[in-house]
Amino acid sequence: MTTASIDVERGVDWGSLLRRYGWTTGVWLLLIALIAFYASTIPSFGSFQIASIAKNSLPLVYLAIAQAVIVVAGGIDLAVGSMLIFSNAVAAQLMDGQSLGVSLMVAILVILMAAAINGGVGWIIYVSKVPDIVVTLATLFIIAGFALIVLPSPGGGTSEGFRAIFTGSTSGTGSNFWPALVMMFVPMLAAARWMKRSRTGLSLYATGSDATAAYLSGVSTLRAKVVSYGVGGAFAALGGLASLAITGSGESRFATASNFTLRSVAAIVLGGVALTGGVGSVVGAAAAGIVLFVLSPVLSAMGVDPNTAQVIQGALIVLVMMVAGVVELRRERAE
Amino acid sequence: MTATPLLDATAIAKSFGTVVALRSASLRVEPGEIHALLGANGAGKSTLVKILSGVHRPDSGEIMVHGEEYEVRTPRVAGEAGLGTVFQDPALIPDLTVRENLRLTDLSPDEVGTWLEHMDLRSVDFDSLIRDLPLPTLRLLDLARVLTRGPSLLMLDEITAALTADQAEQVFKVMNEWKDRGNSVLFITHRLGEVMRMCDRATVLRDGRDVEVCIPREVGEGGLVEAMLGEVVKATPEGSAPVERLTEAPIALEAIDLSSSDKVRGVSFQLRAGEVLGVAALEGQGQDRLFEILSGSRRPDGGQMRLADGEVLDARSPYDAVRKGVVLVPSDRLQALLPKRPIRENLTTPLYNRIGKWFGLAGDEKTRVDSAVERLSIDIRAGKQAGRLSGGNQQKVVVGRWLASGFRVLLCFDPTRGIDVKTKQQIYELLRELADDGAAVLLYTSELAEIPLVCDRALVMYDGELVDELPAEDATEQALLTAAHGISEEVA
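As you go down the protein sequences, you meet chains Z and L in turn.
Counting from 1, one number per residue, gives the positions in the first sequence under the numbering used here.
Counting from 1001, one number per residue, gives the positions in the second sequence under the numbering used here.
One or more hints might be untrue.
As the list claims (entries may be wrong) - Distance ranges between label pairs, derived from CB positions:
no. : chain 1 : residue 1 : chain 2 : residue 2 : range
1   : L       : Glu1218   : Z       : Val134    : 58 to 66 Å
2   : L       : Asp1132   : Z       : Val102    : 49 to 57 Å
3   : Z       : Met302    : L       : Gly1387   : 53 to 61 Å
4   : Z       : Phe254    : L       : Val1019   : 45 to 53 Å
5   : L       : Arg1408   : Z       : Glu328    : 32 to 40 Å
6   : Z       : Leu137    : L       : Thr1004   : 51 to 59 Å
7   : Z       : Gly101    : L       : Phe1126   : 43 to 51 Å
8   : L       : Ser1317   : Z       : Glu328    : 15 to 23 Å
What the hints assert, rightly or not - Some chain Z residues well away from chain L (every beta-carbon gap over 10 Å; in silico):
no. : residue
9   : Ala36
10  : Ala39
11  : Gln93
12  : Ser128
13  : Pro131
14  : Gly172
15  : Met302
16  : Gly303
In short, the hints are calculated from the structure, not lab data.
Keep in mind that this is a model prediction, so the values were computed, not measured.
C-beta atoms are modelled at their ideal positions from N, C-alpha and C, and glycine is treated no differently.
Only chain Z is shown next, with the shape it has when bound in the complex (with noise of 0.2 Å):
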């Protein structure tokens, strides 16, 4: 402490912002990379495959968010697959044949119903004291069973403008990558807000880094538990709203439930997100879903046979851990 009293006003300290948001900013220019090889290897790209991007992986973006808000708080949310194909099935049903208006509020209705029931998966745990990880992995199979349960078979429908509001078209495919865009920015980027400014938000950083000093400081941690689980509810079912919008039909098979959710967990460890909580950011996990999304027609683009694209993204999760594993060391060093 030889430092003190130094100037009061100083500038942006860049070192610390950088390593701050670091891998945020690290895996968008990934993503911007991948894209722009991408763009390099097809012959013609243009707004369609923008748009195809943009859409398709939705559903992987709000799941790999509905994970980080959820892990970031300290837990683990092995059920976020279930919850999307239940939302997915529900809607499905609901909305088959119905006007936009009616559509609209069937989604409203299933944000709340997923937010709910997974806020009390939420309690449980906290109350219960039984690890996240055991908990969840019981309702990945009661979920999934009542999304069967609601939609046996594929089927049911949605409206022609309940599609167009995900994919810009009413037919699910199209040039108009706006709408698809906005329907990712605009969650995305109110989340990160939430999570970072507010009271509430913070209270979930703070449980995840140390559930202790957060309890000493005055942070209801039960609160914490159910609020994550139930945002994290509330952007699985936007997933499988997105979903239902980009097939135009609802399915419920629990292959889907279980692959998105190793997905997800796999995006918000490539998205910077500790898996021992209170560090990493939606915005890194949301880029990180979109990576993992585009590395298949990347590969594919390359001429990569299909099953060796699989050890690929495996090993590319792999590689940047390492990365960043090297960097973090040498930082420690350097202090």
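Take the given structure of chain Z and dock chain L to it, following the hints.
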């Protein structure tokens, strides 16, 4: 003192499982006073503070604030009642910035900044992460945050332990100002010089009870130490090895100028075969770090360790240290044991490295374990799982597994914490016996009274340095405590 006391806690009791932290402690703080809460390690000071701040709920007892009965359920409720606490570990979130921490607790950065400036701490960047800030800054930041809430009783749990002298001065200044405003301060510290200088009254806790309320300036430091210790434990005659043997015995472990950030600073000592060398220190003087280094858990920033015959010990992990015969008995027994596995298996853990043949255990396995069990009189019928044993028996298993594997240097870090008197005695006899058989034992204990009973020599550690060395006959509890408080160095 006829006015209503600001805080009146009566007969507070609290147990954690089978461990009794507070038996019946009462504390009365008047408005406008600085009140010291004193006691040896484990006397219950921190528990009492945590109860008053709503972290723990008392099992029994009554708390009155401003003459009204008061149930402190959570830290938030305590804050609303005007009880503000700076805990031993800062209650700041490591992964958030200073600004975000303040927003989390709904405090204005400007007001907190004003307090920091008042304490002459101007260099805090509110946009830096808490985990990047040094501990003293966090302490003062936590204090500024609590002051911003304007508590009528400010509770400071060992706040000066991590502060430099000039930073401590700033805290004292604030304490006096707080008192002049008609508020009160409850001050916990191990530094008696600070108590003499700052405090109007003192309550002394011992073994979970309040044993004395006094005015420090009247009783003096000696009086405070006496009250903290209570009756002197009767020394057993058996014990110390003949002094002349020590100088002849070969060196088993030598530390040369060890250092680790500012926790351990230039520590050198020689530990000879056949002796029990005691380390006396108050909490947080760097002894944890020293034992981490010696046991191979952490590499020192500087200095060297040597074994017998001058062989350099450069341990990268406890595995390396254990292979060289340097083994650790930690205070947290469950850290060393596999609580869910059988006792026998726990005893053989260190032998796993020897299963080079991979087919079953080495031939002498059973004999080694049996002799360890017998020697320590471990009650192996007590349970299939080591975790179900009593604390004393668990600790015996920890020592026993090193007996089974063999060692040359035994590092014991507070091995008798939370163990009953009889088992304590057995463990001490065992340490003596091991030393008489030629082992070298380095023993840190938080109970200073034990040192003259077991040790041949005692080192005193204060603020990361070895400040004193006493032969067993001079290492009375009083002498150790005086040295451990760094009193000879205290200016005040």
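Okay, the hints, checked on the actual structure:
The hinted window of 58 to 66 Å between Glu1218 of chain L and Val134 of chain Z holds, with their beta carbons roughly 60 Å apart. Take Asp1132 of chain L and Val102 of chain Z: their Cβ atoms lie about 53 Å apart, and the range 49 to 57 Å holds. Remark: the range hint 53 to 61 Å for Met302 of chain Z to Gly1387 of chain L is upheld by a beta-carbon distance near 55 Å. Phe254 of chain Z and Val1019 of chain L have their C-beta atoms about 48 Å apart, which keeps the hinted 45 to 53 Å range intact.
About 38 Å separates the C-beta atoms of Arg1408 of chain L and Glu328 of chain Z, a value consistent with the hinted range of 32 to 40 Å. With their beta carbons about 56 Å apart, Leu137 of chain Z and Thr1004 of chain L fall inside the hinted range of 51 to 59 Å. The supplied range of 43 to 51 Å is met by Gly101 of chain Z and Phe1126 of chain L, whose beta-carbon atoms lie about 48 Å from each other. A hinted range of 15 to 23 Å for the beta carbons of Ser1317 of chain L and Glu328 of chain Z is consistent with their spacing of about 21 Å.
In this structure Ala36 of chain Z is separated from chain L by more than 10 Å, as the shortest Cβ-Cβ distance comes to about 33 Å. With a minimum CB-CB distance of about 37 Å to chain L, Ala39 of chain Z clears the 10 Å threshold, and the non-interface call stands. Every Cβ of chain L is farther than 10 Å from the Cβ of Gln93 of chain Z; the closest lies at roughly 42 Å, confirming the non-interface assignment. With 10 Å as the threshold on Cβ separation, the claim that Ser128 of chain Z sits away from chain L holds: the shortest Cβ distance comes to roughly 21 Å.
Every beta carbon of chain L lies more than 10 Å from that of Pro131 of chain Z, the smallest distance being close to 17 Å; the non-interface claim holds. Residue placement check: Gly172 of chain Z keeps its beta carbon more than 10 Å from all beta carbons of chain L (closest about 41 Å). Non-interface call for Met302 of chain Z relative to chain L: holds, since the shortest CB-CB distance, roughly 38 Å, exceeds 10 Å. The claim that Gly303 of chain Z lies off the interface holds: its Cβ sits roughly 43 Å from the closest Cβ of chain L, which is beyond the 10 Å cut-off.
Violation of the numbered hints given earlier is absent; every hint is satisfied by the structure.
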